[in-house]
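Per the UniProt record's numbering, the very first residue in the sequence shown carries number 1; after that it's consecutive.
You can trust all of the hints, since none of them are fake.
Think about it this way: if two alpha-carbon atoms lie no more than 20 Å apart in a straight line, the pair counts; the simulated SDA-like pairs of lysine to any residue are:
no., residue 1, residue 2
1, 78, 112
2, 222, 212
3, 130, 66
4, 438, 478
5, 33, 115
6, 259, 379
7, 78, 51
8, 22, 77
9, 71, 57
10, 92, 38
11, 232, 243
12, 222, 453
13, 438, 426
14, 232, 398
15, 474, 213
16, 93, 116
17, 22, 80
18, 130, 101
19, 49, 23
20, 218, 229
21, 385, 396
22, 232, 390
23, 385, 242
24, 218, 414
25, 226, 391
26, 474, 487
27, 232, 399
28, 82, 108
29, 131, 119
30, 78, 32
31, 485, 433
32, 153, 137
33, 81, 48
34, 416, 475
35, 266, 362
36, 222, 444
37, 244, 374
38, 485, 439
Hints are computed from structural coordinates only; laboratory data are not their basis.
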Amino acid sequence: MAEKRKFNEEDMDGKIVRIKLKDFLTYDDCEFKPGEKLNVILGPNGTGKSSIVCAICLGLGGRTNLLGRAKLLSDYVKHRKKEATIEIELFKKNESNLIVRRTFNTQSTNSKFEINGRVVTESAVINTVKKMNIQMDNLCQFLPQDRVIEFAKMNARELLVATEKAVGPDGMHADHVKLIDLRKKSGELESMIDGRKTYKEQIETSNQRLERDVKRYKEREKHQEKIQILKKKRPWVLYEEARKETIAAKDAKKVVEKKIKDMRKKHSPLKEKIDKAKVALKKAEDEIKVLSAEMNKTGQDMKKIDDKLEKQNDRIAEARQDFTSVQQDEQERHKKISQLEKQIESLQREYEEAPDPEAMKPRITEIHNEVKAIQHQLNELNRQKTEILSDNTNLKLQITALKRRLAEVDNVDHQKLETLRRVDSDTYNAVLWLRQNKQMFSGTVYEPIMTQINMHDMKNAFYLENAISFRDMKAFVCQNREDQKLLSNQ
1 MAEKRKFNEE
11 DMDGKIVRIK
21 LKDFLTYDDC
31 EFKPGEKLNV
41 ILGPNGTGKS
51 SIVCAICLGL
61 GGRTNLLGRA
71 KLLSDYVKHR
81 KKEATIEIEL
91 FKKNESNLIV
101 RRTFNTQSTN
111 SKFEINGRVV
121 TESAVINTVK
131 KMNIQMDNLC
141 QFLPQDRVIE
151 FAKMNARELL
161 VATEKAVGPD
171 GMHADHVKLI
181 DLRKKSGELE
191 SMIDGRKTYK
201 EQIETSNQRL
211 ERDVKRYKER
221 EKHQEKIQIL
231 KKKRPWVLYE
241 EARKETIAAK
251 DAKKVVEKKI
261 KDMRKKHSPL
271 KEKIDKAKVA
281 LKKAEDEIKV
291 LSAEMNKTGQ
301 DMKKIDDKLE
311 KQNDRIAEAR
321 QDFTSVQQDE
331 QERHKKISQL
341 EKQIESLQRE
351 YEEAPDPEAM
361 KPRITEIHNE
371 VKAIQHQLNE
381 LNRQKTEILS
391 DNTNLKLQIT
401 ALKRRLAEVD
411 NVDHQKLETL
421 RRVDSDTYNA
431 VLWLRQNKQM
441 FSGTVYEPIM
451 TQINMHDMKN
461 AFYLENAISF
471 RDMKAFVCQN
481 REDQKLLSNQ
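All chains, full assembly: derive it from the sequences and hints.
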């Protein structure tokens with residue numbers, strides 16, 4: 001067992017109590033015990049200061065690259081010797097001191113490690129040393145001469161970290177690293193908060209756009225309601241117009257029929273006389289036509305006779321006889337003419353005795369005026385009918401315009417639904433299900449934003465798509481939590 005050297009109570013584990021070197025660099029066989037709080041080794045050049053520093057590093061499991069000198073372990077065996085040994089005794093509070101021994105030779109790159117006489121691995125030595133907070137790779141705790149330049153190049157941050165590891169209490173460096181990490185996370189959280197603020201502003205802007213879309217949707221609903229009301233009202237308007245026209249026509253018909261009936265009663269006797277006079281006049285005219293025809297025929301006969309007289313001079317005798325016969329016939333004809341003239345005179349007297357047509361003109365004028373008044377009433381009824389038909393035509397035009405606008409909106413909605421079906425079939429099926437089951441919800445459930453927004457200028461669609469994520473574009477909007485839960489469960 002190693003001799004227990006007395007140290008102060010506040011001494012920490014890992015202080016060097018004793019160092020023993022054999023055939024190591026400049027030393028053949030050397031053993032020394034550092035005094036209290038050994039920090040620096042001083043001496044002339046070539047006295048072995050660096051050898052002691054190298055022995056401390058290699059004896060406690062350090063690697064040759066920490067020394068900044070020879071890289072091969074065999075180079076640290078004294079010249080013309082085959083094997084070197086380093087033995088270092090470390091202080092252990094409330095326990096026996098720890099003796100670490102390392103043996104190596106020129107024939108191999110391997111080493112033999114022992115702790116308190118028990119052979120162990122290199123990693124066991126390194127772990128044991130690490131538990132004592134001995135840091136061979138920390139220039140603030142262990143600074144070989146050949147690494148002073150490297151130490152001088154360290155920046156403030158590297159020096160701080162090395163100092164914390166070298167002299168700080170347990171966990172100080174870990175706390176510092178944790179503090180740095182927390183500071184980094186704080187910066188990330190601040191960036192996240194800024195991002196959330198920006199996202200909130202975007203959501204508020206999106207909500208404003210949604211409010212406008214909802215307003216337009218409500219206006220569309222109002223237009224649809226108005227169309228339905230007009231559709232329901234149109235038959236009643238047409239019926240009322242037809243009913244009024246029928247009543248007015250019936251009333252006008254009754255008035256006209258009554259006036260005609262009264263006029264017929266009033267003028268019935270006069271009409272009978274006029275009809276009789278017309279019949280008599282017609283009969284006289286027919287008889288005159290017959291007599292005229294007979295006179296024409298007689299004239300033709302006389303012409304034939306004259307022709308015969310001129311052509312047949314040799315038959316004068318016969319002609320004279322014929323002439324005598326003709327004279328007799330002429331006398332008879334004159335008698336008939338005289339009789340016909342008497343009949344004409346009689347008919348003329350009857351005609352002259354008939355009522356004067358001029359005397360009937362005032363009454364006829366009165367009848368014409370009454371007919372004109374009735375016609376005026378009929379014209380007024382027709383004008384009212386024309387106005388009603390014009391109003392009906394205007395209503396039809398309004399309905400047609402609203403239907404056309406509704407068809408345009410429905411066509412745009414169909415295109416948007418087709419786009420939604422291509423990019424997200426699940427959301428598309430959800431929209432179809434919602435349209436078929438609206439009665440299941442207590443409030444209004446608005447379909448995805450991308451089916452509700454209409455761009456007046458499609459050039460701006462690019463900016464809208466960049467401002468609103470696709471996840472938000474296909475989101476449904478509910479007015480209460482119950483509807484939201486119901487929709488989510490479906």
